[in-house]
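Asks: Each residue of the sequence shown is one higher than the one before, starting from 7 at the first, in our numbering.
Any given hint might turn out to be false.
Pairs of lysine-lysine, DSS-like flavour, derived with a Cα cap of 30 Å [said to hold, decoys possible]:
| hint | residue 1 | residue 2 |
| --- | --- | --- |
| 1 | K63 | K84 |
| 2 | K17 | K43 |
| 3 | K66 | K84 |
| 4 | K63 | K73 |
| 5 | K65 | K84 |
| 6 | K84 | K17 |
| 7 | K73 | K43 |
| 8 | K73 | K12 |
| 9 | K42 | K13 |
| 10 | K63 | K41 |
| 11 | K13 | K65 |
| 12 | K42 | K17 |
| 13 | K84 | K43 |
| 14 | K42 | K65 |
| 15 | K12 | K65 |
| 16 | K66 | K42 |
| 17 | K13 | K66 |
| 18 | K41 | K73 |
| 19 | K42 | K84 |
| 20 | K66 | K17 |
| 21 | K65 | K17 |
| 22 | K42 | K12 |
| 23 | K12 | K43 |
| 24 | K13 | K73 |
| 25 | K42 | K73 |
| 26 | K42 | K63 |
| 27 | K84 | K41 |
| 28 | K63 | K13 |
| 29 | K63 | K43 |
| 30 | K65 | K43 |
| 31 | K43 | K13 |
Hints are computed from structural coordinates only; laboratory data are not their basis.
Since this is a predicted model, take the numbers as computed values, not measurements.
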Amino acid sequence: MSYTFKKTITKRWEVTQVALNFMNFGDFYRVRQDKKKCELCNRDFTEEDMAHLAFVKGKKNHLICTKCATEAVEGGAKSFDRRDKDV
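From just these sequences and the hints, can you work out the full model?
Replies: Okay, here's the thing in structure tokens:
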């Protein structure tokens, strides 16, 4: 007989700004092989994915997926597109 203990941990981050279209993940991974997943939802990146950069209050910047970037911007975080020449 045994008992399985389940513990759920909720973490909260305040994303203040998102740099959209930061870099193609395949290009990023060639330089930084320590990041393989979205730092918010832990989804694995594919080589074709576009990575975005989240500026998190009181923490280091987070590399995030398109779904999390969209959710952060729709939730009120400011954003700018790295492809725009004015940035």
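Asks: Could you run down the list of hints and mark each one as holding or not?
Replies: Hint check:
1. K63 to K84: Since the Cα atoms of K63 and K84 sit roughly 13 Å apart, the hinted pair holds (cutoff 30 Å).
2. K17 to K43: This hinted pair holds, its Cα atoms lying about 16 Å apart.
3. K66 to K84: 17 Å, holds
4. K63 to K73: 20 Å, holds
5. K65 to K84: Judged against 30 Å, a Cα distance of about 17 Å means the pair holds.
6. K84 to K17: 21 Å, holds
7. K73 to K43: 13 Å, holds
8. K73 to K12: 27 Å, holds
9. K42 to K13: Holds - the C-alpha atoms of K13 and K42 are around 24 Å apart, at most 30 Å.
10. K63 to K41: 20 Å, holds
11. K13 to K65: 24 Å, holds
12. K42 to K17: Satisfied, since the Cα-Cα distance of roughly 20 Å is no more than 30 Å.
13. K84 to K43: It holds: about 23 Å lies between the C-alpha atoms, which stays within 30 Å.
14. K42 to K65: Distance ~19 Å between K42 and K65 Cα, so the pair holds.
15. K12 to K65: 28 Å, holds
16. K66 to K42: Holds - the C-alpha atoms of K42 and K66 are around 16 Å apart, at most 30 Å.
17. K13 to K66: 26 Å, holds
18. K41 to K73: 17 Å, holds
19. K42 to K84: Satisfied, since the Cα-Cα distance of roughly 25 Å is no more than 30 Å.
20. K66 to K17: 15 Å, holds
21. K65 to K17: 13 Å, holds
22. K42 to K12: It holds: about 26 Å lies between the C-alpha atoms, which stays within 30 Å.
23. K12 to K43: With Cα atoms ~23 Å apart, K12 and K43 stay inside 30 Å; holds.
24. K13 to K73: Distance ~26 Å between K13 and K73 Cα, so the pair holds.
25. K42 to K73: Holds, because 16 Å separates the two Cα atoms, which is no more than 30 Å.
26. K42 to K63: This hinted pair holds, its Cα atoms lying about 22 Å apart.
27. K84 to K41: Between K84 and K41 the Cα gap is close to 24 Å, so the pair holds against 30 Å.
28. K63 to K13: Between K63 and K13 the Cα gap is close to 26 Å, so the pair holds against 30 Å.
29. K63 to K43: Holds - the C-alpha atoms of K43 and K63 are around 20 Å apart, at most 30 Å.
30. K65 to K43: 17 Å, holds
31. K43 to K13: Between K43 and K13 the Cα gap is close to 22 Å, so the pair holds against 30 Å.
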